[in-house]
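Novice: Mind docking chain W on chain R? Use the hints.
Protein chains in written order, with the numbering used here: chain R, 1 to 362; chain W, 1 to 362.
For the record, the hints were derived by calculation from the structure and aren't laboratory data.
Wrong hints could be hidden among the right ones.
[Claimed, not checked] In silico contact screen, one side only, chain W against chain R (beta carbon under 8 Å); selected entries:
hint : residue
1    : THR161
2    : LEU163
3    : VAL169
4    : LEU175
5    : ALA221
6    : ARG222
7    : GLY225
8    : ALA226
9    : ASP227
Just so you know, even glycine gets a beta-carbon here, dropped at the ideal spot from N, CA and C.
There are 2 protein chains.
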Amino acid sequence: MSWEVAEAQLAPIATGAALLGTGGGGNPYLGLLRMRELLRRGRRVHVVAGDELADDALVVSAGGMGAPTVSWEKLPQGEEEADAVRALEQHLGRRVDAIAPLEMGGSNSLVALAVGAQLGVPVLDGDGMGRAFPELQMVTYLIYGGSPSPAAVADEKRNRTVLADVADVYALERLARAVTIECGGHTGLAMCPMTGAEARSRCVPGTLTLALRIGTAIEEARRRGADPVEAVLEVAGGRRLFRGKIVDVERRLVGGFARGRTTLEGFGPDLGHAVAVDFQNENLIVRRDGEVLAMVPDLVVLCDVDSGEPLTTEVLRYGFRADVLVLPPSSVLTTPEALRFVGPRAFGYELDYRPAWQEQAG
Amino acid sequence: MSWEVAEAQLAPIATGAALLGTGGGGNPYLGLLRMRELLRRGRRVHVVAGDELADDALVVSAGGMGAPTVSWEKLPQGEEEADAVRALEQHLGRRVDAIAPLEMGGSNSLVALAVGAQLGVPVLDGDGMGRAFPELQMVTYLIYGGSPSPAAVADEKRNRTVLADVADVYALERLARAVTIECGGHTGLAMCPMTGAEARSRCVPGTLTLALRIGTAIEEARRRGADPVEAVLEVAGGRRLFRGKIVDVERRLVGGFARGRTTLEGFGPDLGHAVAVDFQNENLIVRRDGEVLAMVPDLVVLCDVDSGEPLTTEVLRYGFRADVLVLPPSSVLTTPEALRFVGPRAFGYELDYRPAWQEQAG
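Just chain R, same shape as in the assembly (with noise of 0.2 Å):
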């Protein structure tokens, strides 16, 4: 089902990308303003859904890469990406047909849809991680078998950059990351080509009409004075794991990544309690009192208790009362090939992936 997309769906898409984000995929503000700013200019672009893609369809995707903190002090030129998927082409020696969001973030998943804008073609509704994750060997259409090159950076600068061929999806990531962080700690990022049957099959499908919907859910309740984040729950599935306010944000800027623990102290219902939330670019895994109550895949999110509006890591800081939830992840991550590239360990945690989703028993 294709739908072209309206100036009014850019807010709540933004807000439920940047949900879906996991305090990650960039600030929603940005991602917006550059996509509503190609539609006052009359650029249109359309959402299509996988079986619409052509089998032979030359699909790439794109999105924006560097650590959120980055684009706080260093806006977006807004051609990066469109200039990264250019770069792409003149390797391939062919057009792209259509676009396939990297990740769904509060910038990145509007980010793609402005590339879809600027090139005249269109989008995907999937991705390739169903939310957001610091790296690329995470991303779904390599985990299920895509080729890590080629893959093309480029900058504000028009500086592009094609990792022509690289040894692994490592390299990859690595090499993409270096010539980020050269760049500035900011860059547009096109990558795995790959046929529309590719596409189709290896994405996270639907995210970015479940973004919609959740922001949706969240403009409405909060019009009728409803609780926003029940809202959510309601739409994505998952639970309100701690309710707290931030005593504590540690953030540093370490090899191109925001990383860092958030910290809060409960209060109502958790009163007495407190959670640390760790993070690399998205939230990772969170502790009650040294517990680990919910980790990565799982989408653990921060909201402010009172708008329901996501909370993205870069914008952290003390005295923001925030819900901490968890929802479920797309099942295409919980496969033990996927567990492998996004699992607890993948992360370092020496931990088995245990789905907190669930309301838990007891």
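Specialist: Using the frame of chain R, we list chain W on its own:
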């Protein structure tokens, strides 16, 4: 005048080019082993003068990139530079007709010959530095009008990165360096695709022949029991600045470069004095008791006092007895355009270039 490279010429070319390399350009023995192996397997390579290149030939400059210290622990695999040229060929959609050496250096002179042998194309008798320099914007092919993109970087794991477009020569240097560091500190580089006419007019001409003449003069002097350093000065010009014993080497790997300072205490005619030689891969400046004696782009060379063997910066250590020589740079390097990129200020010294290689009055 075209000539086919013979095995007996490899050692003198390596020695002569190591001398021209002013401490950098890689270890001569490693370059020699690579090229000797190719010849013994039946590969052949011709050295051609600039006027033997067809005006519209496609010429690409190739050489190794990285801190010379790295190759001491991480031996090159041997296909890196040829792979970089292949990546550039793929990007350009055309096979190269000849290789232009990037720089004269103990390893990089023979590496250019090896690439010619590997790809079955001749190698220009000339190079892009007339010596060795640490950074890419210092290449005469660029200084005299060449485009900094496209360029290609390849490592021993067959990671191939194409810098398809870069903002300027400094962006080329920064991005290629970032990729090189990420690849472990050493890569093969192919850059400056140009016509035969352009290569001829932008190169420092005749430097492979010059390296061979210098190396041959050193070997002959050794056989005759004569002073090899005197033999060098007869062929290359210049003079002996200082004779001393290395009493200290400060060396650190910073940003992908070997940076440091060598201190020598004089003996013989220089007893009671000390000189310090700063280097960034290559020797840059000589100070005696604090006074500047010679500076880049003059060729500052350290040679073993007995054998005349040039000492590259990665082998320097306490106790070596060395002559410090200063040789004239090619006039291609001392134009105002060139001094902007290769004069002392380009290396952070607040000095105007003053040649020091002529015998001084008084």
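Novice: Against each hint, give a clear statement of whether it holds in the structure.
Specialist: These are the hints, each one checked on the structure:
Taking 8 Å as the C-beta cut-off, the interface hint given for W:THR161 holds, the closest approach to chain R being about 6 Å. The closest approach between the C-beta of W:LEU163 and any C-beta of chain R is roughly 6 Å, which is under the 8 Å cut-off, so the hint is satisfied. The restraint placing W:VAL169 at the interface with chain R is violated, with a minimum CB-CB distance near 12 Å, outside the 8 Å limit. Interface hint at W:LEU175: satisfied, since its Cβ lies 6 Å from the closest Cβ of chain R, which is below the 8 Å cut-off.
Residue-level restraint check for W:ALA221 is violated (minimum Cβ-Cβ distance to chain R is 46 Å; threshold 8 Å). A cut of 8 Å between beta carbons decides the hint on W:ARG222: the least distance to chain R is about 44 Å, and the hint is violated. Of the supplied interface hints, the one on W:GLY225 is violated, with its beta-carbon coming no nearer than about 52 Å to a beta-carbon of chain R, more than 8 Å. Proximity of W:ALA226 to chain R is violated relative to the hint, the smallest CB-CB distance being about 50 Å (cut-off 8 Å).
The beta carbon of W:ASP227 is not positioned within 8 Å of any beta carbon in chain R (closest approach about 47 Å), and the interface hint is therefore violated.
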